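Chemist: Sequence:
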Amino acid sequence: MIIDRGHDFPTDIQSALQHYGSDMWLFRDNPDAVTTRAVNIYQGDHRGFQYLTPRRRITPNDLTGTKFDRPSNVHFICSPTRAQSIVNEIQSVPEWHPVTIFEPIPDRCVPAELPSLLEVLPHIDILSPNAEEALSLLSISDLPSKEVIEEACMRFLNYGVGPNGRGHVIIRSGELGALVACREKPAKWIDAFWTNEDASKVVDVTGAGNSFLGGLSAGLYYTNDVYEATFFASVSASFTIEQLSLPKLTSKATSVDQEQWNGDVPSARLKQLKARCHWHASY
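So in UniProt numbering, the last one in the sequence shown is 283, and the numbering has no gaps at all.
In short, the hints are calculated from the structure, not lab data. Model, not experiment: these values are computed from the prediction. Glycine included, C-beta positions come from ideal geometry on N, C-alpha and C. Some clues are possibly wrong.
As the list claims (entries may be wrong) - Pair by pair, the computed Cβ-Cβ distance ranges are:
1. Asn40 <-> Asp225: 17 to 27 Å
2. Ser200 <-> Leu176: 14 to 24 Å
3. Val39 <-> Ser15: 17 to 27 Å
4. His97 <-> Ser251: 32 to 42 Å
5. Phe68 <-> Leu244: 39 to 49 Å
6. Ile140 <-> Thr64: 32 to 42 Å
Produce the complete structure using the sequences and hints provided.
Modeler: This is the structure we're talking about:
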């Protein structure tokens with residue numbers, strides 16, 4: 001992750017980030033600017049997001065010449081129009097063909113944005129809105145249910161996701177789980193890790209989508225299979241929603257099978273989640 005530090009970057013946040021290790025951060029100092037700040041606003045079921053200071057956008061070109069140059073997966077959260085610009089930038093780099101994961105920004109998940117989305121869909125590999133965003137884009141007024149979400153997913157696939165229509169759609173659906181689908185295989189539901197019986201474990205869902213798709217990228221790295229990677233995604237999100245802010249790296253280890261987050265081992269949660277999935281045994 002690229003982090004632009006302004007002259008007012010908080011030292012406590014710096015220390016907290018460094019606790020996770022240096023491999024995942026690239027700090028860039030901007031001594032003449034303030035650090036970008038924003039606020040999430042919750043009013044009932046409505047969530048808003050507002051920048052408090054000028055924002056600085058990051059593009060694929062910012063990765064050039066850094067330790068993150070030419071990653072195997074690129075996840076971007078933006079409008080469909082900006083997604084097309086990002087894809088164009090990626091395609092301009094010779095011999096770089098990452099998996100592109102597009103998460104439409106919530107305030108652009110409206111029917112008026114559908115034409116722009118349809119233009120970029122053939123050029124991305126994975127489309128992943130949440131359920132409410134997917135239904136809004138498609139002007140579906142029904143409340144989210146598995147049947148309604150499956151209908152929305154099929155409509156996106158029929159529009160054509162990815163080159164030659166061979167991309168995937170993953171609709172993140174909260175406690176219902178996540179629906180993953182492509183044209184070549186039947187759609188499948190992946191459970192949310194925490195069930196209704198574990199309601200006390202869900203403290204704050206802020207960042208769950210980011211964590212989900214970060215976990216998806218990790219799963220793609222290990223399995224090269226979108227369906228399998230969605231299990232990793234669900235497990236990743238399960239750690240993020242257990243508390244305000246970031247999960248705690250409670251035990252570092254040389255092996256990912258031993259590393260502990262929030263006192264638990266991610267690989268153990270992955271095994272538990274797969275065991276609950278009836279179709280996975282025959283997949």
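Chemist: If a hint holds in the structure, say so; if it does not, say that too.
Modeler: Against the structure, the hints come out as follows:
1. Asn40 <-> Asp225: 17 to 27 Å: Check failed, 33 Å falls outside 17 to 27 Å.
2. Ser200 <-> Leu176: 14 to 24 Å: holds (19 Å)
3. Val39 <-> Ser15: 17 to 27 Å: For Val39 and Ser15 the Cβ distance comes to about 22 Å; the hint holds.
4. His97 <-> Ser251: 32 to 42 Å: Hint holds: Cβ distance 36 Å, inside 32 to 42 Å.
5. Phe68 <-> Leu244: 39 to 49 Å: Given about 28 Å between the Cβ atoms, the range is violated.
6. Ile140 <-> Thr64: 32 to 42 Å: Given a distance of about 40 Å, which is inside 32 to 42 Å, the answer is holds.
Checked against the numbered hints above, the structure breaks hints 1, 5 and satisfies the rest.
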